[in-house]
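J.: Chain by chain, the residues run as shown.
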Amino acid sequence: MSEEVICVENLVKKYKPVIAVHDVSFTVNKGEIFSLVGPNGAGKTTTVEILECLRAPTSGKASVLGYDVTREEDEIKKRIGVMPQDFNAFERLTVRENVELIASIYQVNPDLRSVLEELGMWEARDRHFESLSGGMKRRVGICMALINDPVLLFLDEPTTGLDPQARKETWEVIRRLKSMGKTVVLTSHYMEEVEQLSDRAAVMFGGEIIAQGSIDELISAYGGGIRIRVSPCNEEIETILMETAQRVITEDSAMEGVFQERTQVAKTLAALYQLDEKYRLDIVEPSMDNVFSRLAGGRVDERGELI
Amino acid sequence: MRGVMAVFSALLKSWMRSKAGIFFSFLFPIMLLIIFSTVFGGGGNSQYVLFVQNLDVDSNDNPTELSQGFVEALKATGAFDVRSLEHDVDIKEYVRLNPSFSFRYRILMIPKGFHEQAAEKTVSVKVKVTVSTLEVVGEEFAAYMSPEDIEGIQRGELALQTMLGSQGGESPQLVLLMDEQDMAAPALLGIIHGVANAFSNGLVGSEEVLTIEGMPLEQRTMKVVDYFLPGFIAAFIMTNGIIGATTTISEYRRNGQVKRLATTPLPKISWILANVLEQTVLAFILTGVMIALGWIIFDVRLIPDAYALLLILVGAVAFCSVGMVLGGVIKDVEAASGAGNAIAFPMMFLSGAFWPIEQMPGYLQEVARVLPLHYFHDGLLQIMVYENPGNAGMAFVVLGCFAAVMMVIAVKITKWKEL
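In order, the protein sequence lines correspond to chains F and E. Numbers 1 to 307, taken from the numbering used here, label the letters of the first sequence in order. Numbers 1 to 419, taken from the numbering used here, label the letters of the second sequence in order.
Chain E on its own, in the form it takes in the complex:
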């Protein structure tokens, strides 16, 4: 044990005095956490940008009352950052001349005559409702009415139908121009459709049969950084273990330090344990730094409990063992570093550590579910964010088995003779 601690202490001191080691183990993850949390969650505008070209203007180029009312209704949803396009702009030409604009254009065209058509349609609908009502009254309640009353109703019906015949009755047609590749298209169409329905109901004076109210799922307010923090902790424990340990081991093999230690009474297992211990301590330090950073910068207070610490320990052992295996197989430092990167980076991005795997295509979701990092960050998410360690059972099982297998392979692979 004294040998393990002596080598561990040497490895740790050596790491702490390495600027590159500190940068890639701590500063790089911190930078990424800040960037991701700021870009994807921190105070940005989450509204859809919607350009509106209102062609329904009066002789003074002012928008008509109803067309302006519809634009205000769109703004009132809060879902859109509504921006106006002048009515005399040729949209096709505008898109052609503004390629960056055309990359994600969403343009709603309010046609000329919107106000007039909408007003006529409103009258038409109201008349139809009245005629329909008079028909029902005439059929259902004729037995209770005098002939004069019935005749009066019939005359009114006739007059209204005559009036209907003189109305155009055409609904104004809104046009939404969007990029075919725009994945938000269904959502946008749904929102605009909802606004149009509500606008129509308002014009004819009908009431909504169904209402909906948005309620928070949980009492606790979740931030994007809540999701990122466990993901980043897991991802960078993984990269430190795989890339860091691989590079260190192969470098120590190449420069003869492993041989130097092998000439002493230090057993091979002590060398392996010292490396695993170093990576575990680094994992805990990284966790502490990330949590402190989340607290200071994003006001996120995730305190890891015993379950989280245990999972971090298992994860650190698992991924450091992978590094020991690679470093044991590949003596060339550059090749070892390349192999570590080739494994770690795809795993980092495919496992769902940086975004929910549900956002990925189906086949990639299947890939994510066979990656140990997926279980690692999901386990930490369950324990640290959802405070539900019961849901992290699979993470413990998968990572525990993975760690055991990799450790056995590391012990077999690591050479202490014939170096």
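Excised from the complex, chain F in its bound form:
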């Protein structure tokens, strides 16, 4: 059985008259990347900030590494690493000075070079924080979060506002954290990011968890199935899709079949390939975007707003 590093039961956080977090329960296992995903205002940050001992829960229970978040803050803070949302450091201090500051607070003497090299920041060690790119700043934040060699890291919206290249670089860093044996709790409104990085995820909306599980489980349950879209469509193609697909959608000259089973997809493709007709074929795998759309009835835009 997996070792639980976080256990949350019926957590509630109220800011009169708003309920920011409502009856949230989940567990995080050692060594996994667990994501809280949802649009802005879903309650993700409030939930992780309760776990980081930055907020007090209104009710419910939460423990981190076996310590209660309301009574054993000091023990938790010593053992976790945090990169808060909108992370910032001392602008006019160098990368090295900022990391050394956090090391001094934790009263540890880590091998700074190895920490900075691990995240590709050694070359930039003497640059002022204010002169770094957005992606480099996030990496400094992760260096600072790693300085006390924590077993558990909280990364709150680590790639928000970054360009696609910097985002991909940050993903690599997060994958490396997992390979180092760290447990990572990630919050994000980027569905692709969650799908790419997470072992498990909880979808939050309106302060509640509306679904949780492994990424495969979520997509399988809520992704809406694999879609095969054929265009233009004729009678033969229509017959094949009608016989094999769970559901068929007709749109102008195109036809789309929705499949839950991969064996059915293979059977349909084999039948389609035997036709002499010329047509365009698109296979669309379900994603976390589909999961969220189905669960929340909308999509999340680049800024994290529900559309």
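Don't read these hints as lab results, they were simulated from the structure. Wrong hints could be hidden among the right ones.
[As the list claims (entries may be wrong)] Derived pair list, reagent style SDA-like, types lysine to any residue, alpha-carbon separation capped at 20 Å:
no., chain 1, residue 1, chain 2, residue 2
1, F, 14, E, 418
2, E, 268, F, 74
3, E, 13, F, 94
4, E, 13, F, 132
5, E, 19, F, 91
6, E, 415, F, 74
7, E, 417, F, 67
8, F, 78, E, 19
9, E, 268, F, 56
10, E, 415, F, 56
11, E, 121, E, 71
12, E, 13, F, 104
13, F, 137, E, 257
14, E, 13, E, 251
15, E, 13, F, 128
16, E, 417, F, 56
17, F, 78, E, 268
[What the hints assert, rightly or not] Derived contacts from chain E toward chain F, CB cut-off under 7 Å, selection only:
no., residue
18, 6
19, 10
20, 14
21, 259
22, 265
23, 269
24, 418
Here a beta-carbon is modelled for each residue, glycine too, at the ideal position from N, C-alpha and C.
Please build the complex by placing chain E on the supplied structure of chain F, with the hints as guidance.
T.: For chain E alone, kept in the frame of chain F given last:
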């Protein structure tokens, strides 16, 4: 303690690399000190400008002997920078055409006939004194004189009284034109009155019954910068504490640095102490720079002793705590900066740090006496300039209590959760 020192070091380095921080904490106070000390104390002309229009001129337009003598007597006081207005200038027209002149005009008009009237009045006074003397002699000493002597005295008296009757006896009337708003009017009138009396005494040959001699109050020569230096040190420790700390704290709160630190094992009190320590170190550096500047530029050697350093420490803690409170309450940087300015600047000008509160209206003096900055700079003045730490007791008590109260509020107000 390691956490306090680590954060303090980060804050200090960050401040030292901030051009704006250095300008407003050091260069701005230095500029103001130089300007104030130069404008109000450094080598300027402290004489009153007095325009004199001498209407008593002879046929060649040269001033008469006595009117010129009176002008020379005015110059001899050293109180006036005497400037001449031509006798044919229409003063009303001149004032109307020169608005800047009329803002603070002081014009003494010596009337036509001054010399003649003064000479006649002098003779008249002398004759009166002689007649009076003859009367006293005739009454007091008649028993000791022969009838011939008494008759001779009476004849002389009669002749002199006849002569008095033929004299005009009118005193020449000087006219001083001044702005009604001129606060120096009483002082100027007093000086000119004194000059006129001395001039009159000189003409009639009488001696002064009372004399006065100006003596320095203390052996030590005081300069204006002596007064400004403690005031500036106190005022800018206050502004650095209130405006600097408020802006810094609210900025660190806004950009998430406080939250970042709150996720670590660093206790809230360490964050507060690190900020107070930073402001205290800045206060000592500012003191050192100002004193060095006073020494180099103004040759003022004020060496702070242990009492002064202790008062600076208490002041820095007090005003930084105010900044911590404001920064803790107001998250918006611009609003926090505005609030800091709204408190610091009125306090700076009302507390008497830049000028003695005795020069201010009575109700403002009462306001000054409830401001902690007043006690801060007054305490430094007593210790550093008058070398009398015993008189700084009130400053220690007031600032100490203020610092304690503000520190308690700062600890209560500063959030380390629910940021």
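J.: All hints are to be evaluated individually against the structure, with a verdict given for each.
T.: Now for the hints, and whether the structure bears them out:
no., hint, result
1, F:14 <-> E:418, "holds (12 Å)"
2, E:268 <-> F:74, "holds (12 Å)"
3, E:13 <-> F:94, "holds (10 Å)"
4, E:13 <-> F:132, "holds (18 Å)"
5, E:19 <-> F:91, "holds (13 Å)"
6, E:415 <-> F:74, "holds (17 Å)"
7, E:417 <-> F:67, "holds (18 Å)"
8, F:78 <-> E:19, "violated (36 Å)"
9, E:268 <-> F:56, "holds (16 Å)"
10, E:415 <-> F:56, "holds (13 Å)"
11, E:121 <-> E:71, "holds (19 Å)"
12, E:13 <-> F:104, "holds (15 Å)"
13, F:137 <-> E:257, "holds (13 Å)"
14, E:13 <-> E:251, "holds (16 Å)"
15, E:13 <-> F:128, "holds (12 Å)"
16, E:417 <-> F:56, "holds (8 Å)"
17, F:78 <-> E:268, "holds (15 Å)"
18, 6, "holds (3 Å)"
19, 10, "holds (5 Å)"
20, 14, "holds (5 Å)"
21, 259, "holds (5 Å)"
22, 265, "holds (5 Å)"
23, 269, "violated (14 Å)"
24, 418, "holds (6 Å)"
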